[in-house]
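These protein sequence lines are chains L and F, in that order.
For the first sequence, this note's numbering begins at 1 and goes up steadily by one.
For the second sequence, this note's numbering begins at 1001 and goes up steadily by one.
A hint or two may mislead.
Restricting the straight-line Cα-Cα distance to at most 30 Å, the calculated cross-link-like pairs of lysine-lysine (DSS-like) are [as the list claims (entries may be wrong)]: (1) K1139(F) - K1126(F); (2) K121(L) - K1109(F); (3) K131(L) - K1126(F); (4) K178(L) - K1117(F); (5) K178(L) - K1140(F); (6) K1109(F) - K1126(F); (7) K178(L) - K1005(F).
Hints listed in this document are in silico derivations from the structure and should not be mistaken for laboratory results.
Note that the structure is predicted; figures quoted are calculated from it, not measured.
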Amino acid sequence: MAASLRARSLVLSVVLFCVFVAIWHFAVQTGGDTGPAMDPEYAALMGETAKGGSALPGPLQVGAELWKHISDPFYDAGPNDKGIGIQLAYSLGRVLLGFLIAALVAIPLGFLVGMSPLFHKALDPYIQVLKPISPLAWMPLALYTIKDSEVSSIFVIFICALWPMLINTAFGVASVRKEWLNVSKTLEVGSLRTALLVILPAAAPTIMTGMRISIGIAWLVIVAAEMLVGGTGIGYFVWNEWNNLSITSILVAILFIGLIGMLLDLVLAWVGRLVAYQE
Amino acid sequence: MSSKKPLISIEGLTRSFASQDKGEDAFAVFEDVWFHVNESEFVCLIGHSGCGKTTLLNILAGLDTASEGAVIVGGIAVEGPSLDRAVIFQSHALMPWMSVMGNIAFAVKSRWPEWNKDRIREHCQKYIDLVHLTGSENKKPSQLSGGMKQRVGIARALAIQPKILLMDEPFSALDALTRGSLQDETLSICQTTRQTSFMITHDIDEAILLSDKIVLMTNGPEAKVCEIVENTLPRERTRNDMHHHANYYPMRNHLLDFLVNRSRQFREELASADYDPRHPPVVAPTAENASTDPAVFEKPPLVKTINA
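Throw the hints in and build the complete structure from the sequences for me.
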């Protein structure tokens, strides 16, 4: 009897993981041949490479490092040595704050653009020009005007999270079924009540899709923004470990960035299911 | 017939749309339409697609505006939607994120904003029971069949206790069996409440079953009211026995003849007869006058078969 699809896919996932780890393990261990003799001082500088091994850590080393980070994620030993939990919390805080401000601006503005053809036509050229600008391009301008790196990185998150939410809200609001609006009209429902009880629930799934895209982009951008700004955050952590030449720590950080990004997406997908409706 | 003023009076109504082709003038879907609906009367409007039936109903509902003419309800010209005129939409138009109770409560709360939750609930329940949806209060529209959805639409419209009930082909999207039972229920509700109603349909039997008066509209563009047919069947009729009445086939044949032939030949008929759009001819087909009725031209083969 065939096992359920769920069980079979789980087995396949585990097998793929094992194969990947095995290839990784053997790929970084092709040692043995020491090659031409090296100046001992230079060999000391080159570390593993001098012995014919790879500078890339193997899965066991990364696993050990990972365990070290997990067992003590919140230590704070000065500005350049903080636990990965603290760094992730900084990044997450910035993303959530920037995302929240963007939502507060984008959703009301999206309602305006979606409901008024005048505003749609008037604002559309600006949205089309501003949307494709890389959020990092705003960074120097933000640093110059705001003069605060912390606020600047939140601003960059705000600007990148704004557009998907704005465009999706406007689209969702504009495509609310006319018959629902007609029901509302024939019942003499006021415009605020119509907006909250008819248009908002009708457009909610589209708005949630926009929010999901936004949080995904915000999480991508925060790493780059923190590499530029420095100080705290997971992006800064990655850059700092690169300067330390600690590839192991970088790999651990990459893993955590992926996990948190997935978590953010899952949370918004869950909220999206709450507001979804079936016609 | 009645000496009192009609509840709804449609006076010289015209609706023009800008032409799609450049350079051409705007065309009127219907023009100079006059008729009225008395209190407690059930009026049906029959016409082919494209004669502006839905547009006319939307103007009555206040969702669309006329190019010329006016709709007078209770002595006041219609200038927008009102809770006095409830609409049952063809596609039920229920909010899919609200339950059955929620959809009806939305309407009831709009009608009586000062009511508390219990009173709204109690009032909604009365109408849910009326349309036989007891037990489905908390279901979402997606969990209901087409007929049940339309029942919710009917309950929502009746729950606000409107002066006038406007219906835009409410049963046309349903299968024949469901349509029949919903027609029966509408008939019994309207007979007991004496609800003033205006319904658009293209189903002849539906019109004969439900209406007191049937307005015949010619084909668009520039559709007009061809004539007004008074239902000669007694008001106490049911779907099961009405075809036994002597006046049933004269009524049916007259309406069928209109839909098949006269609706498109009306322009020629107009030129010959002394047609006054303000007072469209009123006819009352009965078994006695069927053969001599001057309005009946040639009978289509289908009618002959039925008569034989």
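Verification of the supplied hints:
{"no.": "1", "hint": "K1139(F) - K1126(F)", "result": "holds, 17 Å"}
{"no.": "2", "hint": "K121(L) - K1109(F)", "result": "violated, 36 Å"}
{"no.": "3", "hint": "K131(L) - K1126(F)", "result": "violated, 53 Å"}
{"no.": "4", "hint": "K178(L) - K1117(F)", "result": "holds, 28 Å"}
{"no.": "5", "hint": "K178(L) - K1140(F)", "result": "holds, 20 Å"}
{"no.": "6", "hint": "K1109(F) - K1126(F)", "result": "holds, 15 Å"}
{"no.": "7", "hint": "K178(L) - K1005(F)", "result": "violated, 35 Å"}
The structure does not agree with the numbered hints 2, 3, 7 stated previously, though it agrees with the rest.
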